[in-house]
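Trainee: Protein sequence lines, in the order shown, are assigned to chains U and A.
Residues in the first sequence are numbered from 213 upward in steps of one, following the numbering used here.
Residues in the second sequence are numbered from 213 upward in steps of one, following the numbering used here.
I should point out that these hints are in silico values taken from the structure, not numbers from a laboratory.
Note that the coordinates shown come from a computational prediction; the quantities given were computed from them, not determined experimentally.
Some hints could be false.
Identical copies go unnamed one by one, so any copy, or any two together, can satisfy a pair.
[Stated by the list, open to error] Only pairs whose alpha carbons sit at most 30 Å apart, straight line, appear in this in silico DSS-like list of lysine-lysine:
#1 K585 to K558
#2 K585 to K661
#3 K725 to K435
#4 K442 to K725
#5 K517 to K585
#6 K256 to K558
Protein chains: 2
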Amino acid sequence: MTDTTLTPNREESGELTPRSIPTFQECWPGSTKESLELEHNGHKMSVPFRRVHLSTEGHFDLYDTTGPQGFDPRDGIPKVRESWVANRSDQSRGWTQMRWARAGVITEEMAFVAAREGVEAEFVRLEIAEGRAVIPANRCHTELEPVIIGRKFRTKINSNIGNSATHSSIAEEVEKLQWSTMWGADTVMDLSTGENIHATREWIMRNSSVPIGTVPIYQALEKVNGDPEKLTLDLFIETLVEQAEQGVDYFTIHAGVLLRFVPLTADRVTGLVSRGGSIMAKWCLAYHEENFLYTGFEKICEVMKEYDVTFSLGDGLRPGSLADANDAAQMGELRTLGELTQIAWKHDVQVMIEGPGHVPIHLIQENMDEQLKHCFEAPFYTLGPLVTDVAPGYDHITSAIGAANIGSMGCAMLCYVTPKEHLGLPDRDDVKTGVVTYRIAAHAADVAKGLTGARDWDDALSLARFEFRWHDQFRLSMDPVTAYDFHDQTLPSENAKVAHFCSMCGPKFCAMKITGEVREAMADKSSEFAQLGREVYVPEGATEV
Amino acid sequence: MTDTTLTPNREESGELTPRSIPTFQECWPGSTKESLELEHNGHKMSVPFRRVHLSTEGHFDLYDTTGPQGFDPRDGIPKVRESWVANRSDQSRGWTQMRWARAGVITEEMAFVAAREGVEAEFVRLEIAEGRAVIPANRCHTELEPVIIGRKFRTKINSNIGNSATHSSIAEEVEKLQWSTMWGADTVMDLSTGENIHATREWIMRNSSVPIGTVPIYQALEKVNGDPEKLTLDLFIETLVEQAEQGVDYFTIHAGVLLRFVPLTADRVTGLVSRGGSIMAKWCLAYHEENFLYTGFEKICEVMKEYDVTFSLGDGLRPGSLADANDAAQMGELRTLGELTQIAWKHDVQVMIEGPGHVPIHLIQENMDEQLKHCFEAPFYTLGPLVTDVAPGYDHITSAIGAANIGSMGCAMLCYVTPKEHLGLPDRDDVKTGVVTYRIAAHAADVAKGLTGARDWDDALSLARFEFRWHDQFRLSMDPVTAYDFHDQTLPSENAKVAHFCSMCGPKFCAMKITGEVREAMADKSSEFAQLGREVYVPEGATEV
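All chains should be modelled from the sequences, with the hints used to inform the complete structure.
Mentor: Structure representation (C-alpha cells):
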C-alpha cells in the first residue's frame with residue numbers, strides 16, 4: 213500500500229466530471245447532520261447521526277449513512293480512520309477485528325459502531341469474537357465510518373452499483389454511490405464488469421464512507437479476456453491483493469460451488485443465476501477438477517487476514533426461480549459455506565454468508581434456520597428473496613416482501629433489488645427506489661425482531677400524523693421529498709400543511725379530526741367513563757395499551 | 213327497483229365525458245381475451261380468461277378481471293346476469309347465495325366462479341353454505357361477472373376509488389374503475405364522500421363487471437350535512453335501500469364499534485383512523501347509547517337479504533399505527549364482529565370481516581388466528597396491513613409486505629393501498645401502482661398457501677427468462693408495459709429482445725448464458741456425470757428437484 217493509491221490523482225480522473233446530485237439539505241429538509249464526539253485510546257472520533265427537528269421544539273435522532281458532504285469527488289472524502297490505523301500499523305498486519313476481539317481488545321471501530329448502534333462496546337466485541345457479527349473494515353479504506361453487521365444489531369442494507377459492458381461511466385458510478393448512501397445504504401457493492409474496473413473502483417473507494425464490497429472474480433475474468441478456463445488461483449489472488457490495496461472491505465467469493473454440486477443444477481428451471489457461480493461451474497467442468505477457490509481457500513485467507521477484508525461467502529448455486537428454491541444444490545453449497553466459515557475463523561477472518569434469491573414465502577424460514585445451523589450463526593446476507601417470479605419491473609417489491617420476512621427472522625443484511633432487476637442496469641432513480649424500499653424492509657424487520665428503540669420512530673411519526681403536524685410527519689419519513697411532493701399534488705398550499713384534514717377524506721370525514729372531538733367528549737364525561745371503564749370487557753390475550 | 217336505475221340516462225351523465233385509457237391490447241400485448249362457454253340451468257354464460265400467446269406456439273391462461281371492453285361508459289356494459297336473475301325473480305326476494313347453497317342449489321353464480329377458479333361447483337356451494345366464502349352479487353347488479361372470496365380460492369384484491377370534498381369528477385372515478393380492473397382488481401370500493409355521491413355510484417355500477425362495495429354511512433352523513441349526531445337507523449336503512457337498488461354488492465358496516473370500546477382508544481397513539489368508526493364513536497358518545505348499527509343489526513339484515521348484499525363488517529377500531537396494533541379495542545371489536553356474523557348467517561346473509569391496518573410483522577399471525585377463531589372462518593378482508601409507519605409515499609410497499617404475509621396465512625381479500633396513502637387522493641397512476649403491487653402480494657400468498665396451479669405461472673415466466681424468450685417473459689409479466697419500457701431504456705433495439713444477455717451483466721457475464729454452456733459440457737460428459745451423480749452428497753432435509 214502506497215499513499216498514491218489512497219490519494220486520487222486528478223490527472224487520472226479523466227471521466228470523473230462531478231455530477232450534481234441534490235444536497236443533504238434538499239433531501240432531508242428539517243434535518244441536520246450531527247455527530248457524537250468520542251475518544252477511544254486517545255483517538256477522537258465523530259459518530260454521525262441525523263437530527264430531525266420537530267415543530268414541537270423537540271427532535272428525533274436517526275442513524276445516518278450519508279457520509280461527509282460537499283467534497284469534490286476528485287479529491288475524495290476525509291480519511292477519518294487514518295490515525296486509528298496508523299497507530300497500530302506496526303503490529304496490525306494480520307490482525308483483524310475478529311483477532312482483536314478474541315484478544316479482548318475493543319478497537320476504535322468497535323467503539324465507533326457501539327456508539328452508532330447505542331449499545332455497549334463490550335457487547336460488540338463479544339459478537340465479533342464469536343463470529344455472530346462483522347465490521348468490514350479494510351485497513352486501507354481509511355475514509356470508512358465503520359458499520360457492524362449482525363442479527364443483534366440494526367438490520368443493514370446493501371446497494372449494488374457498477375457498470376457493465378453495455379453501460380460505463382465512472383462519474384455515474386460515483387454518483388450512484390453518493391445517492392445510495394444519501395438514502396440509507398449501509399454498504400455498497402461495486403459490481404462493475406465493463407471498462408475501467410480498477411479506476412472505477414478507485415474513485416468509489418476514495419469517496420465512500422461505507423464499506424465497499426466486490427466480486428473479484430469479475431475482474432479476474434476480465435484479465436483473461438472473459439475465458440473462465442484461463443482462470444487460476446494465482447491470478448485470482450493477484451486480483452485480491454490489487455483490490456485489497458485499494459481498500460475493498462469485503463469480497464464475495466464463490467468457494468462453495470463444488471464440482472459435485474454442478475450436476476444437481478441440471479434439472480433446474482433456471483440453472484445457475486449467479487455470475488460468479490456460473491463462471492466457477494464452467495471452470496470445474498472444463499478441468500473436471502474441484503473449484504480452485506475451495507482448494508485454495510487457506511491461501512485466500514492469508515490475503516483476507518493481511519488487510520482485514522471480510523469474506524462474503526457467495527451463493528453461486530442460489531435459486532433463480534421459485535421452482536429451484538431450497539433444492540439440493542443450494543443446500544449442499546450452504547453446508548460447504550459453513551465448512552469454509554470454520555476455516556476462515558481459524559485464521560481470525562470475518563465471515564458473512566450470502567443467501568438467495570428467489571424463495572416463496574413459506575420456504576423462507578427454512579433458509580434462515582439452515583443458515584444459522586450450518587454456518588454457526590455467521591451473519592446472513594441475502595438478496596431479497598423475491599417471493600414471486602412474475603413481476604419484472606416490480607422486483608424491488610417482490611423482493612422487499614421476502615427481505616422484510618427474512619430480516620425479521622434474523623438476516624443481518626439485505627441486498628437491495630431495484631425495479632430494473634432482470635431488465636437492465638439501474639439508473640440513479642432506480643438506486644434511490646431500491647434503497648428506500650430496502651430501508652423499509654430493514655426497519656420493519658427491526659421492529660419485528662424487537663430491536664431496542666426501533667418502534668420509537670414509528671411512534672414519533674404516527675403521533676405527528678395524528679396531531680396534524682404535517683411538516684413533522686414529512687420530515688420524519690423515509691423520503692421527505694416524495695412525501696411533500698405527493699401531498700402538494702392535491703393540496704399545494706402552505707395552509708394545507710397546517711390543516712386538520714387532507715385530500716383523501718376532506719374536512720368532514722377526517723377520522724383523526726373526529727377522534728379529537730371524541731376525546732374531548734370523553735374528557736367532558738370523565739366521571740361517567742370511570743364507571744364505564746370498570747364495565748369494559750377486556751378479551752383474554754388482548755394486548756393492553 | 214326500476215329499469216331506470218339500471219339504465220344510464222345520458223342526460224344525467226353531465227360530467228361523464230369518457231376519458232381515454234389505453235386499450236386491453238395496449239396493456240396486454242401478446243394476450244387475447246377469451247372465454248369458456250358454459251351452460252347452467254339453461255343459461256349460457258361466458259367465463260372470461262386471458263390467454264398469453266408464447267413464441268413457443270404454446271400459451272398460458274390467466275384469471276381475467278378486465279371486463280367487457282370498448283363500451284361507451286354512458287351506455288354501460290352488457291347485463292350478462294340479467295337472465296339468470298330474471299328467471300328466479302319470482303321467488304328470489306330474500307334468497308341469497310348462502311340460502312341457495314344451504315338448500316343444496318348450485319346457482320349460476322356458483323357455477324361461474326367454479327369455472328373461473330378451476331374447481332368443482334359443489335365445492336363452491338359447500339364453502340358458501342358454511343360461510344367460509346362469499347359471492348358478493350346484488351341481484352340488481354346484472355353487469356357482474358361473479359367472484360368468489362374465501363381462503364380456499366385465489367386470493368382477491370380490492371381497489372378503493374371515489375371522490376372527496378376536495379376532488380370530484382364522475383368521469384375520473386369511472387376511469388379509475390376501468391383502470392383498476394384492467395390491472396387486476398377483483399372488487400372495487402366506491403368511497404366517495406364529496407359531491408354527486410349517488411350519480412357517481414350509478415355510473416360506476418353500470419360500468420362495473422366486478423363486485424362494488426361501499427361504506428353507506430358516508431352518504432348517510434352527507435344527508436345530515438355532516439353532523440354525526442343527526443344520524444338515525446331509519447336514515448341509514450333508507451340509504452342502504454337506495455344503494456342496494458343501484459346494485460351495490462357489499463356494504464361496509466361498522467356495527468362492532470360499541471360504546472364500551474370507545475374509552476379503550478383514549479390512550480392510543482392514533483385514536484380512531486376509520487372514518488366510519490369515528491363517526492359511530494361520536495354518535496355513541498353524544499347520546500351515551502349503544503351504536504344503532506349494532507342494536508338495529510337484524511333490521512339491517514332484512515335489507516341485505518332482500519337484495520343479497522354481502523356484509524363487510526367494518527373494523528372501525530382498527531389500529532392506525534404500530535403502537536395501537538392488536539390492542540384491547542381492536543380485539544374487543546373483532547369478537548363483536550364474530551357475534552354479528554352469527555346473526556347475519558341466521559338470516560342467510562353472506563359475511564366478510566374487515567381487518568387492519570397497521571400491524572408489525574410479528575403480530576400479523578395473531579390477527580389471522582383470532583379472526584378465524586372468533587368469526588367462525590368467515591372470509592377475512594384486510595387493509596394491508598402496513599408493517600411500518602415511517603414511509604408515507606411508499607405505503608403500497610409497507611402494506612404489501614403485510615398483505616402478502618396475511619394472505620399466505622389465509623386472508624381471503626387484500627384491500628390495496630396506493631403510494632398516496634396518508635398524503636392525498638390517488639390518481640390513475642397511483643391506482644395502477646396499487647393494483648399491481650397487490651396482485652403481487654396476492655399471488656405470492658397463493659404460491660405460499662399452495663393454491664393449485666399458482667406456481668405454474670412463476671415457472672412459465674422463469675423458463676422464458678432462462679431461455680432468453682424476452683417477449684414471452686414480458687407478456688407473462690404482471691405489467692408487460694413496464695417490463696418492455698424498462699428493458700428498452702437500456703437496450704432499445706429489437707435485436708436485444710432475442711439477445712442472450714441484457715444490460716445488467718453484458719454478454720460475457722451472463723450467468724444464464726454460461727449455464728447453457730455448462731449444460732452442454734455436462735451433456736458431453738454424461739457418462740462421467742452418471743458416476744459423479746452417484747457420489748453426490750444430498751443433505752438431509754433438502755428438497756429434491
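Trainee: Please go over all the hints and tell whether each is borne out by the structure.
Mentor: Going through the hints against the structure:
no.: 1; hint: K585 to K558; in the structure: within (18 Å within a copy, 52 Å between copies)
no.: 2; hint: K585 to K661; in the structure: both (19 Å within a copy, 26 Å between copies)
no.: 3; hint: K725 to K435; in the structure: between (66 Å within a copy, 20 Å between copies)
no.: 4; hint: K442 to K725; in the structure: between (70 Å within a copy, 18 Å between copies)
no.: 5; hint: K517 to K585; in the structure: within (25 Å within a copy, 56 Å between copies)
no.: 6; hint: K256 to K558; in the structure: neither (32 Å within a copy, 74 Å between copies)
Of the numbered hints listed earlier, the single one contradicted by the structure is hint 6.
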